[in-house]
Amino acid sequence: MENRQIRITTLANGMRVITDRMPWVETASIGVWVGAGARNEEKNVSGIAHLLEHMAFKGTAKRSARDISHEIEAVGGHLNAYTSRESTAYYARVMKDHVPLALDILSDILLHSTFAEEELAKERTVVLQEIGLTDDTPDDIIFDLFQETAFPGQIIGRPVLGTASSVSRLSRDDLIAFTRRHYRPHCMILSASGNVDHDSIHALAEKLFAELPAGETSELPAPPRYTGGDLRQVRDLEQVHVVLGFEGVSFHDPDYYALSVFSTLFGGGMSSRLFQEVREKRGLVYSIHSFSASFHDDGVFGIYAGCAPAHIAEVLPVVCAELVAAAGNVRDEEIASARAQIKAALMMSLESTSSRCEQLGQQMLIFGRPVPLAEIVSRLDAVDKSALHALVARLLSSKPTLAAIGDIGGLETHGQICGKLKA
Amino acid sequence: MTADTDYVLKKLPNGLTIIASPRPGSHKVSLGIWVGCGSRHEDERVNGISHFIEHMLFKGTKNYSRAEILGNTRGKGGHINAATSLAHTYYYATVFPQDFAKAFDIISDMVMFPAFDAKELETERKVVLEEIRRSEDKQDRILSRQLMQAAYPGQPFSRRVLGDVGVIETVTRDDMFAYHGKHYTAGNMVVAVVGDVTPEEVEALVSARMGGMPDVPATDFQPAVYAGGDARLSRKQSQLAIDFCFPGPLKDDDDLPAAVVLSHILGGGMTSRLFENVREKHGLVYGIHASCWATEDTGLFSIEAATGPGNAEKMMPIICRELLRATRDITAEEVAETIASVKMGLLESLEKASGRCDAIGRQALRHGIPKSHDEILAKYGKVTPEDVKRVAKKIFSGKPTLAALGPLEGLPSYDDILEMMQGREPAPKPKLPAPQPRPFLPDHLL
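Here the protein sequences line up with chains X and Z, keeping their order. Just so we're aligned: the first sequence equals residues 1 to 423 in our numbering. Just so we're aligned: the second sequence equals residues 424 to 869 in our numbering.
Quick caveat, the hints were computed from the structure, so don't treat them as lab data. Model, not experiment: these values are computed from the prediction. C-beta atoms are modelled at their ideal positions from N, C-alpha and C, and glycine is treated no differently. Watch out, some of these pointers could steer you wrong.
[As the list claims (entries may be wrong)] Output of the computed footprint for chain Z on chain X, the stretches with three or more beta carbons under 8 Å from beta carbons of chain Z: (1) 117 to 126; (2) 143 to 150.
[Unchecked claim] Pairs of lysine-lysine residues, derived as DSSO-like cross-links and limited to a Cα-Cα distance of at most 30 Å, are as follows: (3) Lys122(X) to Lys737(Z); (4) Lys62(X) to Lys802(Z); (5) Lys434(Z) to Lys549(Z); (6) Lys737(Z) to Lys434(Z); (7) Lys96(X) to Lys775(Z); (8) Lys704(Z) to Lys58(X); (9) Lys499(Z) to Lys385(X); (10) Lys499(Z) to Lys343(X); (11) Lys794(Z) to Lys96(X); (12) Lys561(Z) to Lys281(X); (13) Lys525(Z) to Lys420(X); (14) Lys802(Z) to Lys812(Z); (15) Lys812(Z) to Lys766(Z); (16) Lys281(X) to Lys542(Z); (17) Lys96(X) to Lys766(Z); (18) Lys343(X) to Lys482(Z); (19) Lys385(X) to Lys525(Z).
With the rest of the complex left out, here is chain X (with noise of 0.2 Å):
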């Protein structure tokens, strides 16, 4: 299944490059994965991570950014990014002759990019717009909720847009400071895949990527202290949006594969404990599913729903018993069933070329290795019954995180709820 073709190697400057060769496709992806990102902010800057994601298209040395939008665009391709807590993606799809254009561009924006004053004004109020809509967002607004109840006070709590008054005040010179202190090459990744050749990406690469000097390791984000607590907002909604949440895994943690298995099996997809439950039995949402968040040292594992006002003094209840439930009675066919969704979206995720880059660029931030589908498929084989019953009662055992926005009178307290969360 596995005939892959990925080489990896290394810049002068310690910058990594892997590629991924798909020779039977006509486009390829290919990207920058930075091992910085909002959790790398300082105090007084929060939303500085995701203001340079947007700055960096706003214009370099030789190119205006008109240019650089008109020169990927004219030859049909696309140019993105995206900022999390721990990354910052720079990438873009084109057809194959057009790989050199494309790095020409990511080298340019990362290395050159001059934030000029009069489009950082501009770009500041394009931020301001992105957090007025994320808030205007209830299934959105509610995990940035969710994140800051269960980290208060922390930065790994923080929105990664920041916030209004925060955006407001960044100024170029944190710009500066921010990139030259973790746009390091030692945390860069240069990851390719589609029709892409090897030895001419790291050659480009070697030329393009010099100026950036072989860095000093940047500092580790501050450990994050999972505290937990509760959130409600009463806003003019038509449904309730409850995120329950509890301490998860990092990255690194020894039950990462178990945590995905129960992730899939209680509120994954049709088929999962939570949506036949609350939704097929009983009716009670149209939305509800868990899920698992990684940081490299720590996690969150939690579970959204959305329902009617009067709905959801049952919906709590049912999610509270099928936790505490799930920490005895997960039975091997539902185990087997999750493997195989897991599988089998890994595989399928293989067929596009900007899946693979983004999951090599990642694995190498994360793991410093490209992990191996089979590698992956044995510890997804290794997990059984007893392994997720501990794992329940470890999630369990952290104290729960409730975030709820909407019309939520008929709510639970928390304490309510941390009862019905004891076996």
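Using the hints provided, position chain Z relative to the given structure of chain X.
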């Protein structure tokens, strides 16, 4: 299969279309059944029944229970889902090749022999009502409904795909059987399969299973009649969202490719004119997009944006100026860029089996024969800057529809926007406090 297509198309005597695109060695199969019915085929009394039926087909059929439907697809690592739109209902799955025959048996059983179990129906009613509530918390859903109500007032397009709350609360099992019998007919369906299976296997399987369906002609629908107008709704939220539309070309109109090129030039990416002006130059929005929507009887050219409170006063004139400029000034370079982007999109869509399955099935339902990529590219290749300007002139001289949701202050009146689309700056609004009364003077002296 011919040299320039990647599929085999076959029509059974009862009218059912089968379309198969083999991908040997891909280790999986995507399959879908398209049914030519959606909310536009519903009369008001049963608004939402197409979508409700889509939900009910997962609740059990003559030969499969709810658990068996999921167990044989998701349980094996595959995927199964469905979607309902204004004009279609689509059931689709992706599975491993060894599970294909079973998955097809299940999906075909769903569309042919639904059980509409009375008890399941009562539970699912509540779920659909939750889905409606959820959509009412989504700004883009409310806005597009406002838009459709102003563009096609009183017509099926103005109604929600999810349905009317009153209908969902009361619709019966008998209604479902009647609607299903009328629309889930062989001539109104396309079976599309893309993946690690030969067209011969597909044809044999599908004709054995569905070849016996009765040959009933597809039901007609009332053609939509565009009205247009203003639909603004004040709501307390961070952003004002707008959807600004004009009547556009129909799906078979020769002008459609030029209109698509126009939409790309105006609002199709990071280089688009609206993105550059409204976002990059003025920082007024996070996103702004233009798009074309075309059916056999109507079409819309639409611009969507969201901006902070008060900004619309500045944004709307910029948008209108850009629309008018497109009627005079389009460069060959911009047209060429758009065609490169269309080509890239086509190549990308070929790479993903489920995307390809979706595309050829939908096209077979709408056009009879899906167009080959060469055909599509040839059509776009012929578009000139003159065509784009001519089509822009035609579109932007139409009567606009403006839907707006959020804090409305600063949003120009509909009449002012009509003025702007005539290239005139609207009369300045009196500022508060009201201006001092001036002595009357005849117009020509002012």
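Taking the hints in turn, this is what the structure says about them:
no. : hint                   : verdict
1   : 117 to 126             : holds (count 6)
2   : 143 to 150             : violated (count 0)
3   : Lys122(X) to Lys737(Z) : holds, 15 Å
4   : Lys62(X) to Lys802(Z)  : violated, 37 Å
5   : Lys434(Z) to Lys549(Z) : violated, 39 Å
6   : Lys737(Z) to Lys434(Z) : violated, 55 Å
7   : Lys96(X) to Lys775(Z)  : holds, 17 Å
8   : Lys704(Z) to Lys58(X)  : holds, 11 Å
9   : Lys499(Z) to Lys385(X) : holds, 19 Å
10  : Lys499(Z) to Lys343(X) : holds, 10 Å
11  : Lys794(Z) to Lys96(X)  : holds, 24 Å
12  : Lys561(Z) to Lys281(X) : holds, 26 Å
13  : Lys525(Z) to Lys420(X) : violated, 42 Å
14  : Lys802(Z) to Lys812(Z) : holds, 17 Å
15  : Lys812(Z) to Lys766(Z) : holds, 22 Å
16  : Lys281(X) to Lys542(Z) : holds, 10 Å
17  : Lys96(X) to Lys766(Z)  : holds, 13 Å
18  : Lys343(X) to Lys482(Z) : holds, 26 Å
19  : Lys385(X) to Lys525(Z) : holds, 29 Å
Violation of the numbered hints given earlier is confined to hints 2, 4, 5, 6, 13; the remaining hints are satisfied by the structure.
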